[in-house]
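Protein sequences appear in the order of chains A and B. Quick note on our numbering: the first sequence kicks off at 1 and runs consecutively. Quick note on our numbering: the second sequence kicks off at 1 and runs consecutively.
I should point out that these hints are in silico values taken from the structure, not numbers from a laboratory. The structure presented is a predicted model; accordingly, all values stated were derived computationally and were not measured. Incorrect hints may appear among the rest.
Stated by the list, open to error - In silico DSS-like pairs for lysine-lysine, Cα to Cα no more than 30 angstroms straight-line:
#1 A:K276 x B:K327
#2 B:K212 x A:K106
#3 A:K106 x B:K225
#4 B:K390 x A:K212
#5 A:K74 x B:K563
#6 A:K234 x B:K141
#7 A:K276 x B:K375
#8 B:K375 x B:K317
#9 A:K74 x B:K375
#10 A:K212 x B:K327
#11 B:K327 x A:K248
#12 A:K74 x B:K327
#13 B:K447 x A:K276
#14 A:K276 x B:K141
#15 B:K375 x A:K248
#16 A:K229 x B:K334
#17 B:K134 x B:K375
#18 B:K390 x B:K316
#19 A:K276 x B:K519
#20 B:K334 x A:K248
#21 A:K74 x B:K223
#22 B:K223 x A:K106
#23 A:K276 x B:K334
#24 A:K74 x B:K317
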Amino acid sequence: MDSFQQIIFKLKQYWAERGCIIQEPYDVEVGAGTMCPETFLRVLGPQPYRVAYVQPSRRPADGRYGENPNRLYKHQQLQVILKPSPDDVIEQYLGSLEAIGIDLRKHDIKFEEDNWEAPTLGAWGVGWQVMLDGLEITQFTYFQQCGGIDLELVPAELTYGLERLTAFLQFRDSVYDIEWTKGFTYRDVRFQDELQYSVYNFEMADVPTLWKLFELHEGEATRLLDLYKKSSEKARFPLLPTYDQVLKCSNIFNTLDARGAISVTERVGVIARVRKLAVGTANAWLDQQTAGQEAAA
Amino acid sequence: MSVPFLLEIGTEEIPDWMIPGALESLRSLAVAAVPGLGEVTMDATPRRLVMRATNVPEKQADQEELVQGPAKAAPPKAVEGFARKLGVKVENLQVQSTGKGEYYTFLRKIEGRATKDILAEALPGVIPKIYFPKTMYWTGKSGPRFIRPIRWIVALLGSEVVPFEIAGVKSGKTSAGHRRLGSSEIGINIKDYELQLRSNYVILSAAERRQKIEQGIADLGVKIKPDPALLETLVYLTEYPTPIAGSFDESFLELPEEVRTTVMRHHQRYFTAEGTHFVAVMNTSEDPEALVRLGNERVLRARFNDARFFWQTDQKKKLADRVEDLKLVTFQAKLGSYYEKAERTVGIVKELGGDTAAERAARLAKCDLTTELVKEFTELQGVVGGLYAKVQGEPAEVWQAIYDHYKPVSMEDAIPRTRTGQIVALADKLDTLRECFRIGMMPSGSKDPFALRRAAQGVVKILAEGEVSAPVPSDDFFEDRVRFYFRDVRGYQYDEVNAAMAAGWSDMKDLAARLERLKNIRPTPDFEPLAASFKRIKNILRQAEYTGGDAVRPELLEAGPEKDLYDESQRIAGQQIEAGIAALRPKVDLFFDKVLVNAQDPQVRRNRLAMLHNLLAEFKTFADFSEIVTSSS
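All chains should be modelled from the sequences, with the hints used to inform the complete structure.
Written out as structure tokens, the structure is:
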């Protein structure tokens, strides 16, 4: 029986063998692997790209003080981007399951329609949730739009829920009981994390401070995006740091939401504000990449 | 020579619910584009759309066309030119005389084209046009759109490949079997096609898959709750369906049945069975090591544990204490929160004559939107609120009204069981409709994001079948819903509905009663002739531009048919329609037979129009019989 980390090693190895860059997690808080620049920005434009990485993904509202066996404030996603999507992408994906010891002739696998949309990112795609013996183990998406931009090359995005997958393979009813590595359970490694962030997000986060932070990051992102438009040295303009500011806004918004601090009228407006920054960054990034290529040509 | 034809479009997994529609679309597009295709049969699995025909002519029929050239008297150069253009010699031309003189002609033979060529030309146009509610592109931004990527195409006419290409995929004779049990490359021989698929664990026929599921369940010896919609989903979610039985721990029986069923049916696509059993349908042939069963049982246990956890957590805060929390739940961006919606709904409840129980239910009805259980199982909104209200000691009147207030969710669904529930459901829907219309969110075409049509349909159904009396809002939108309800749900003829609605439609129960009576008198022998006469009367009045306002002056009436008709109409005034029809009909017939409405004397004429107008008016509160379509009209 493979441990949590062995399963991760094997999946990374599998995708590395298929031409993926193995990245490390992004070091800014995100709600999903999709939001990392390695996905959100890399899927834009005409450059092929293949990357896989584990991304700890924070969903403040999903925190349960470590009490719920299946729900986590922060879970680990294995994110795979294949741009453009190869013709045999589903076969490759099924191969990855076999690589972690699932004999698909002895299991039931179904692809059930599930289309994905992230309004704050101006992104959507179509695809499936992949069901293994009735358990959703992967979200499979063909991206169509990102940052409000139609994608030139259609990437396939595979998002594995690693805790669930491991619980399934290790026959555990609670993610806290899965073996991270010999001698350590998931609980040993992550329980404090879940408990303390739940307490902070639901009870102690200071709402005025969070709003202040939101506005500071939003201001910085807006300032940079405005500067980019006027910049005469676009190729070296810091759009990646600009995008970090957008991610900060998104995470603070999620925290405020979990705290119950966003009123109805505010909510729609705040989503639109984050979306505006994300779309602005995506467009600037695409512009910067294209300009860079033209300069090189 | 006739040969069989096979088209198999191999794709990645198509959403189950789109498949039957896609097949119909493919059928009609192909039949229109390819002459001589004849009868086609359509089949599909999640990974293939298949069209087959048995008797397709290899060649289209030859045709002849008479081409007219220059006149016989034309200079030889012109005649030679005509022959050259056709590629024949002058001596092959004929001379034919027409009305305008003699002309050179030529009977050109057009050889029928090979059907293979026609198919090869037509199919690349047909396939991308197949209708799907949502499509994607995958080869690049300007590439073709389809429901999911096309991965292979088998196109065979007899033993020959019909050559074409879509999205970089060349048609050929190679298909693919079940993803894990079958071969990924099957060289298709058209006459063995179905058999070849079957030996690769693909059952092509939906009917056969359905039968295999049903038989499989019967063989398991488990008694399931019949669920045709779920069965249909599973038929199109699998290529080789095999049912297995599983069970869950008895302790979960303490969860409300509604919650258990939702988890099993909607989230896991299991059939629910008696006691602690369920049936899952696999997309594979067997489960020899019981891995699939154990896996599904484990998933269900986790789901049930979640639900139990949510149920217990939610109990820590009563519904009544969640009213304030609704301020944070958006109803609609421009319409504010559910808190405000609940306030408005309470107001409407009062207008509808609801008591304090109805008001309380309306105030609490949306509170379950703040519970964990509803966040997890949104389809249980209302039901969960009702269940919580019940365990939290709300009276039956209140909790049942909360439980039922989204009802009817479809025209097949029942209306709320109590009058209180009906009032709350009406108020909730009326508020949604009023507010959305106020900000101009009218449904248009297929766009109806707030399901306003369904809400209005629900209002009509509750008012027609329930215990609440209130007028239906009088606008075109509701008029359409009322018409739909009585025609498509209650099954009245469209002209009966038109006739009865022409006499008013604000009171649903009155309209329902009149329609029933109209339906009953319609087959009586005197009714349709009378209706035809009424149509004639209406036309006469319209042509005369007569709109009423005069009292009939009996002294101007002619003795005989006219006077008789007048007397009869006086006699039946105020009586049951049913009682008057038989006697009235011969009087009307005779009147039209013997009396000319357009009399010379304008006074007499006007008096006749007044009498006819009054006769129509007599029935005006019941139905406009002139709307009835009669065999003579």
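Going through the hints against the structure:
Using a Cα cut-off of 30 angstroms, the hinted pair K276 of chain A and K327 of chain B holds, with the two alpha carbons roughly 26 angstroms apart. Taking the CA atoms of K212 of chain B and K106 of chain A, the gap is about 20 angstroms. The hint holds against a cut of 30 angstroms. With a C-alpha separation of about 28 angstroms, the suggested pairing of K106 of chain A with K225 of chain B holds against the 30 angstroms cut-off. With a C-alpha separation of about 43 angstroms, the suggested pairing of K390 of chain B with K212 of chain A is violated against the 30 angstroms cut-off.
Between K74 of chain A and K563 of chain B the CA atoms are separated by roughly 91 angstroms; this puts the pair beyond 30 angstroms, and the hint is violated. About 26 angstroms separates the Cα atoms of K234 of chain A and K141 of chain B, which keeps this hinted pair within 30 angstroms; it holds. Restraint check for K276 of chain A and K375 of chain B: satisfied, since their Cα atoms lie roughly 27 angstroms apart, inside the 30 angstroms limit. With a CA separation close to 15 angstroms, the supplied pair K375 of chain B and K317 of chain B stays within the 30 angstroms bound.
Between K74 of chain A and K375 of chain B the CA atoms are separated by roughly 19 angstroms; this keeps the pair inside 30 angstroms, and the hint holds. Note on K212 of chain A and K327 of chain B: the hinted pairing holds, with a Cα-Cα distance of about 23 angstroms set against a maximum of 30 angstroms. Only pairs whose Cα atoms come within 30 angstroms are accepted, and K327 of chain B paired with K248 of chain A is accepted, the gap being roughly 26 angstroms. At most 30 angstroms may separate the alpha-carbon atoms for a hinted pair to count; K74 of chain A and K327 of chain B meet this at roughly 28 angstroms.
Proximity of K447 of chain B to K276 of chain A is assessed by CA-CA distance (about 26 angstroms); at most 30 angstroms being required, the pair is judged to hold. A C-alpha spacing of about 23 angstroms is found between K276 of chain A and K141 of chain B, which places the hinted pair at or below 30 angstroms, so the restraint holds. A C-alpha spacing of about 26 angstroms is found between K375 of chain B and K248 of chain A, which places the hinted pair at or below 30 angstroms, so the restraint holds. This hinted pair does not check out: K229 of chain A and K334 of chain B have alpha carbons roughly 33 angstroms apart, beyond 30 angstroms.
Restraint check for K134 of chain B and K375 of chain B: satisfied, since their Cα atoms lie roughly 26 angstroms apart, inside the 30 angstroms limit. Of the supplied pair hints, the one linking K390 of chain B and K316 of chain B holds, its CA atoms being roughly 15 angstroms apart against a limit of 30 angstroms. In summary, the hint linking K276 of chain A to K519 of chain B is not supported, as the alpha carbons are separated by about 60 angstroms, beyond the 30 angstroms threshold. Distance restraint check for K334 of chain B and K248 of chain A: the Cα-Cα separation of roughly 28 angstroms lies within the 30 angstroms cut-off, and the hinted pair is therefore satisfied.
With a CA separation close to 42 angstroms, the supplied pair K74 of chain A and K223 of chain B exceeds the 30 angstroms bound. Using a Cα cut-off of 30 angstroms, the hinted pair K223 of chain B and K106 of chain A holds, with the two alpha carbons roughly 26 angstroms apart. Taking the CA atoms of K276 of chain A and K334 of chain B, the gap is near 20 angstroms; set against the 30 angstroms cutoff, the hint holds. In summary, the hint linking K74 of chain A to K317 of chain B is supported, as the alpha carbons are separated by about 26 angstroms, within the 30 angstroms threshold.
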